[in-house]
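One line per chain: the protein sequences are A and B, in this order. Counting along the first sequence from 1, when you hit position 95 you're at 1176 in my numbering, and nothing is skipped either side. Counting along the second sequence from 1, when you hit position 33 you're at 39 in my numbering, and nothing is skipped either side.
Honestly, the hints are just simulated from the structure, not real lab data.
Coverage of chain A stretches by chain B, computed from C-beta distances (three or more under 8 angstroms per stretch; other residues unrestricted):
1. 1085-1093
2. 1275-1289
3. 1297-1310
Treat the numbers as computed from the prediction; the structure is a model and nothing was measured. Positions of the beta carbon are idealized from the N, C-alpha and C atoms, including for glycine.
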Amino acid sequence: MYMKPEGKKRIWAEYQKEIPDDHFFYVRSCIRQTFFAGSEQYFLKILRDDLGKDVYEDPRHTTCTGIGYHGDVVPFETIQAVVARHFALATEAGYKHIAISCVTSFGIYSEILETWKHFPETLERTRENLYKATGRTFDVPETISHTSDIIYKFRDQIARKAKYHLIDISTGEPLKVVEHIGCHYSKMFPKYGVGGAEFPHVLVGMVEAWGGDIIDYPERRHCCGFGFRQYLVQANRGYSLFATRKKFESMQPYRPDMIIANCPGCTMFMDRWQYTIREIDGITYGADGQGIPVLTYEEVAGLVLGYNPWELGLQYHNVQSLPLLRKMGIKADPSERFLAKDGSRLPEPENLING
Amino acid sequence: MKTMSAHIVVAGGGVAGMEAAGTLAGMGYRVTMIEKDDAPGGHLLQWHALFPDRRPADEVISHFRKHTEHPNLRIITGTTVEKVRNHGSGVLVSLSGGAEEQADAVIVATGFELFDAHRKEEYGYGIYDNVITSADLEAMFNRGLVAKADGSVPSRIGLVHCVGSRDEKVNNNHCSKVCCVTAVKQAIEIRKMLPSCEVFCFYMDMRMYGPYYEELYRESQEYHNVNFIRGKVSEASVNINNRLVIKVEDTLAGRPLKMELDIIVLMVGMEMAGAGMRLAEASGMKRGINRFLESTDHHYGNNLSGLRGVFYAGTCTAPMNITDTISHARAAVTETVKYLNSR
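Whenever a hint applies, use it, and build me the whole structure from the sequences.
See the structure below:
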């Protein structure tokens, strides 16, 4: 790669955040539960079973209402009260470290904590609103971590338990990986992310620890194509598609084997729009024109740890990962992709890439 | 005390310090100049040629060396002034290393530091090989070779103005004043050295405030084909051929622009020097919102510190060019002599 590693390390050293070692209060993501349910499940499994960590979940926690907030239908006062309620549940359970599954939520939590820091009267008003509405009180958490921060923190422990690596077993060469960071993770409050806004380290660290090579391409920091206003307003969807296409055109010459992302919106759009671009332009990206699988960091961690790709939920992406699995040496029977737990066959999605 | 036997300490051995110290010594005062580096000269030592006439910096340095060669002038190098405070009828000057000097007056000429371009991460300084600063380019001119990191000859160079100046994101709202004309000068020098190399300047607006600057700007376009694009660069990256790619909005054409370049030169601005800030902090000198030393009056007292017997000279008060720095240092000398005569 053309980047100077020492330059990057210098920047990364300036953007280190405190990521707790244990005892997390977990808050889920609406999008991830719907589209990448395996990721949330395997975050918990990896943390609890592989790493022996304490992660607490309260079934009474709700959406953060972030999508409504960014869609201008949920006022700021309301979302502060919703997040404060989550803090109250954590306080009641005795937890001080919040693990946030969604990048949108992470941005919301960061924004609210910063607001409370700079405008303490808003914290007092939120306490009052929450108490009036629910009778609950809360402590402001000591730390907030995105779940990618937590996997990043334990990346070396995961590497030590690895059954597979991000290496093409036929050549011994590292897989070429595009990393993509959610804007609401790194760009709103860079100090809350690992590595800052320009060269975030959170996914780079994972990929390097697990044997892969990161691709540095010109549109690395370009939007994935999601963006609430681009997508939620139907008339703007052309912008969304165009942004994604621009990214793919820029990364294509590097022949990436996969994309790893830490934001559900990015993961979904970079995956789904590949189908749309194929339909519109007849272009299928990727090393051999087979599409570029877009995986979450838990899916990648799960593959490295040797979990069944279909348990991880890789089949629920539009771009299927079979060529990637073959490269890594992972044996997985494609005919088992859409089997339910009881062995019955689930309906198969149409128009999968590499299906 | 007879005035001419007075002892004056000058904190800093850059342009302002050398001008003030040499002038005072020539007038018969005992002067001690304290320089933090191994030799006086300041930033000038790193510069190849000066705007607006591309005069070799060596010439000006030679002038100041002669100006400061005087039996009344003692130069202490590798030392900084850490604190000044009124003591008796004079000023007690504390130096790094613990030594002290008793002075009748002090001229603070601690100067500026160049903005650390690493702080603008989006431009990739320290990340990509061929992103350099205006100071790095001067070093290339001094070596007589403008080349990419791999030694090859560049065919397209971009100069990015206002790096660390007029930029709220890095807490510098001030204009550094000299970067625009430096860019024009450097663009011409590149074109003369490498006639086949295209040169682009990306600017917010061209601030050619000094005599002959506007003429130089015109010359760069008429005779040297330097291209000026009004727009701020948003980020730099590299493509698969290891060529730099910048994104910029061309605000005159009203459209975004993406361009491949071989070298990006970041026109780094001026910031208050760290040594000056420490001195100000320890001595109770006021600093402005731009972090430079704040004089008692912008118009009538811009060499006055507000501390008895302590005066300011040069770029410790604000960005300025060499000509203005010399004038400001001479004004500080006048204020100092006026003060000593009035005691």
